[in-house]
Amino acid sequence: MTLQKHDPEAYRGVWVWVEEEGGRAHPVSWELLGQARKMAQTLETPVSAVVMGSGVEALAGQAIAYGADTVYLADEATLGTFRLEPYAALLVKLVQEHRPEILLLGATTRGRDLAAAVAAELGTGLAADCTGLEVEPGTRILRATRPALGGNVLSTVVIPRHRPQVASVRPRVFELPAPDPARSGQVVRVPAVLPEEAIPTRVLEVVREEGGVNLTEARVIVSGGRGVGSAEGFRPLQELADLLGGAVGASRSAVDQGWISYPHQVGQTGVTVRPDLYIACGISGAIQHVAGMRTSRYIVAINKDPEAPIFQIADYGVVGDLKAIVPALTRALREKMGK
Amino acid sequence: MNAIVCVKQVPDTEAPVKVQEGKLVLAGMPTMVNVFDEYAIEEALLWREKLGGKVTALSMGPAEAIEALKKALAMGVDEAILLSDPAFEGADAWSTAYTLAQAIRKIGTYDLILFGKQSTDGSTGIVGPAVARFLGLPALTYVFKVRALDPAAKKITVERLLEGRREVVESALPAVVTVVKDINQPRYPTLLGIRKAARTPIPTWGASDLVAAGADPAGFGLEGSPSRVERVEYPPARAGKVELITGETPEEVAALLAERLLSLKVL
Numbered sequence: 001m002t003l004q005k006h007d008p009e010a011y012r013g014v015w016v017w018v019e020e021e022g023g024r025a026h027p028v029s030w031e032l033l034g035q036a037r038k039m040a041q042t043l044e045t046p047v048s049a050v051v052m053g054s055g056v057e058a059l060a061g062q063a064i065a066y067g068a069d070t071v072y073l074a075d076e077a078t079l080g081t082f083r084l085e086p087y088a089a090l091l092v093k094l095v096q097e098h099r100p101e102i103l104l105l106g107a108t109t110r111g112r113d114l115a116a117a118v119a120a121e122l123g124t125g126l127a128a129d130c131t132g133l134e135v136e137p138g139t140r141i142l143r144a145t146r147p148a149l150g151g152n153v154l155s156t157v158v159i160p161r162h163r164p165q166v167a168s169v170r171p172r173v174f175e176l177p178a179p180d181p182a183r184s185g186q187v188v189r190v191p192a193v194l195p196e197e198a199i200p201t202r203v204l205e206v207v208r209e210e211g212g213v214n215l216t217e218a219r220v221i222v223s224g225g226r227g228v229g230s231a232e233g234f235r236p237l238q239e240l241a242d243l244l245g246g247a248v249g250a251s252r253s254a255v256d257q258g259w260i261s262y263p264h265q266v267g268q269t270g271v272t273v274r275p276d277l278y279i280a281c282g283i284s285g286a287i288q289h290v291a292g293m294r295t296s297r298y299i300v301a302i303n304k305d306p307e308a309p310i311f312q313i314a315d316y317g318v319v320g321d322l323k324a325i326v327p328a329l330t331r332a333l334r335e336k337m338g339k
Numbered sequence: 340m341n342a343i344v345c346v347k348q349v350p351d352t353e354a355p356v357k358v359q360e361g362k363l364v365l366a367g368m369p370t371m372v373n374v375f376d377e378y379a380i381e382e383a384l385l386w387r388e389k390l391g392g393k394v395t396a397l398s399m400g401p402a403e404a405i406e407a408l409k410k411a412l413a414m415g416v417d418e419a420i421l422l423s424d425p426a427f428e429g430a431d432a433w434s435t436a437y438t439l440a441q442a443i444r445k446i447g448t449y450d451l452i453l454f455g456k457q458s459t460d461g462s463t464g465i466v467g468p469a470v471a472r473f474l475g476l477p478a479l480t481y482v483f484k485v486r487a488l489d490p491a492a493k494k495i496t497v498e499r500l501l502e503g504r505r506e507v508v509e510s511a512l513p514a515v516v517t518v519v520k521d522i523n524q525p526r527y528p529t530l531l532g533i534r535k536a537a538r539t540p541i542p543t544w545g546a547s548d549l550v551a552a553g554a555d556p557a558g559f560g561l562e563g564s565p566s567r568v569e570r571v572e573y574p575p576a577r578a579g580k581v582e583l584i585t586g587e588t589p590e591e592v593a594a595l596l597a598e599r600l601l602s603l604k605v606l
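Line order of the protein sequences matches chains W and X.
Residue numbering for the first sequence follows our numbering, starting at 1 and increasing by one per position.
Residue numbering for the second sequence follows our numbering, starting at 340 and increasing by one per position.
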């Protein structure tokens with residue numbers, strides 16, 4: 001496959017891939033449909049959604065309620081659990097047939113892979129892990145902003161002469177739109193491309209993590225660093241997170257000490273998060289950690305050291321011992337929230 | 340078991356980042372091997388120790404990229420190849436993946452192609468799965484454990500680390516595998532390894548070598564890149580200043596903080 005310049009005039013429409021997991025859509029898919037609607041209005045073009053899976057018919061109706069005019073629905077056993085090869089083959093075929101100018105995917109582990117595979121095969125550009133999208137009405141160019149170098153810089157990426165312009169977008173960048181059950185749209189059923197025998201992978205097992213830590217979707221994260229002191233030291237953080245319906249995060253040093261497992265690690269070599277509330281407990285605020293959480297809506301820092309750099313990016317700070325403050329905060333919130 | 344490990348020399352993650360006139364100033368920035376790639380090298384070495392075979396490190400970049408290959412050799416890989424040519428300059432992730440795929444095709448024999456899950460500079464995570472696509476191979480990404488590897492039966496079983504879950508996947512070989520940080524503990528280069536690395540010749544392949552092997556030069560470098568970085572800037576500073584919550588006792592501080600948090604209307 002080689003790189004050919006495409007004729008941008010031959011491509012119209014904004015597409016969103018709807019990611020399915022256990023019968024429900026990943027919220028980022030609906031966030032992107034909301035943003036696609038806005039961009040489509042600027043470009044005066046329709047919005048389409050692509051739903052792939054097994055037993056996912058209900059998602060097609062939801063995609064229309066969230067803003068799709070057309071839904072391409074592939075509902076087959078071979079698409080039951082996400083596998084890159086059959087998903088990419090079908091999405092490539094649909095794009096080649098219908099020629100959208102923009103294709104948006106959530107920057108989840110699956111979405112990042114699917115975006116990369118599809119852009120590679122289509123010979124087009126991909127802006128990955130975006131935190132901002134804008135379209136220019138006249139040129140119909142998508143300007144995608146994305147962090148690079150551990151969040152130390154923001155890059156603006158464009159794909160001038162190739163179509164579609166593909167972007168994967170981080171969860172929680174755009175607001176979840178309100179669904180409108182009265183919206184109407186068209187559902188187009190499409191068959192899968194690869195038969196089972198042509199798919200090189202088999203998913204043998206899916207194991208849920210204990211506590212199911214999903215930091216990228218969490219609205220509240222209570223995160224611990226070196227100051228937590230031990231594995232047991234994370235227990236009060238977990239209690240606070242449980243009370244707030246949140247998840248527990250950690251700095252690299254807490255993970256390296258073996259106090260908590262790697263899936264909890266926030267930062268440049270862990271995951272990037274953007275919750276509504278990030279409570280950093282005993283975290284000094286090294287640049288690599290801040291890279292993974294600086295776009296949180298509100299940041300609270302609890303640290304013994306008044307000089308800790310974390311206070312420079314925090315909205316609220318407490319200089320003190322987290323071992324006393326965190327349990328007291330849990331009690332105070334439990335009381336005030338009436339739980 | 341023959342493995343190819345793709346490695347990247349990146350700006351040191353501890354170094355301050357400079358932006359000038361909408362561009363990143365890379366000149367003079369200290370560099371290091373991409374952290375995730377060290378785990379990919381280690382995984383290749385562990386399996387070679389078990390199964391025998393050969394590990395080849397491959398890197399594309401300017402002359403400094405040779406440092407990543409020297410480190411890989413010092414850790415114990417058997418061979419290293421540098422892809423470097425002015426024609427490759429300015430490549431985006433698509434063009435980088437295309438060029439690497441052409442070099443891998445030229446190398447010819449492999450069971451596994453390993454990458455770190457992403458680089459710490461671009462951090463796109465595109466190159467691994469895109470190389471897989473160019474070569475028509477399955478991509479197994481975010482792998483934190485290789486459970487079984489059987490080159491004779493052409494089978495691999497891995498555990499992948501996804502959001503809030505782990506997935507066990509069986510795949511045909513050859514395959515592309517990208518690894519996360521806790522898959523192993525990368526070894527330190529030994530003195531012997533460093534000496535061996537200094538003696539091992541590292542061939543450089545340029546555009547003409549890849550074209551002779553069937554590559555289309557239209558996919559190389561800035562010209563072959565569908566995406567462009569239009570501007571680079573510092574991220575906006577977080578608005579406002581920290582409000583310190585103080586009190587006589589932890590209970591008093593906690594009560595005040597709890598009130599503030601509830602007033603944010605996010606709980």
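Hints were generated in silico from the structure; no laboratory data involved.
Watch out, some of these pointers could steer you wrong.
What the hints assert, rightly or not - The calculated lysine to any residue pairs, modelled on SDA-like cross-linking and capped at a C-alpha distance of 25 angstroms, are:
no., chain 1, residue 1, chain 2, residue 2
1, X, LYS409, X, LYS493
2, X, LYS580, X, VAL356
3, W, LYS304, X, LEU561
4, W, LYS304, X, GLY586
5, X, LYS357, W, LYS5
6, X, LYS580, W, PRO195
7, W, LYS5, X, LEU561
8, W, LYS304, X, ILE533
9, X, LYS493, W, PRO195
Claimed, not checked - So these bits of chain W aren't anywhere near chain X, every CB distance computed over 12 angstroms:
no., residue
10, ARG12
11, GLN41
12, THR42
13, ALA120
14, VAL158
15, ALA182
16, ALA192
17, VAL193
18, PRO200
19, LEU244
20, THR269
All C-beta atoms, glycine included, are put in the ideal place defined by N, C-alpha and C.
Quick check: which numbered hints come out false for this structure?
1, 3, 5, 6, 8, 13, 14, 18, 19 and 20
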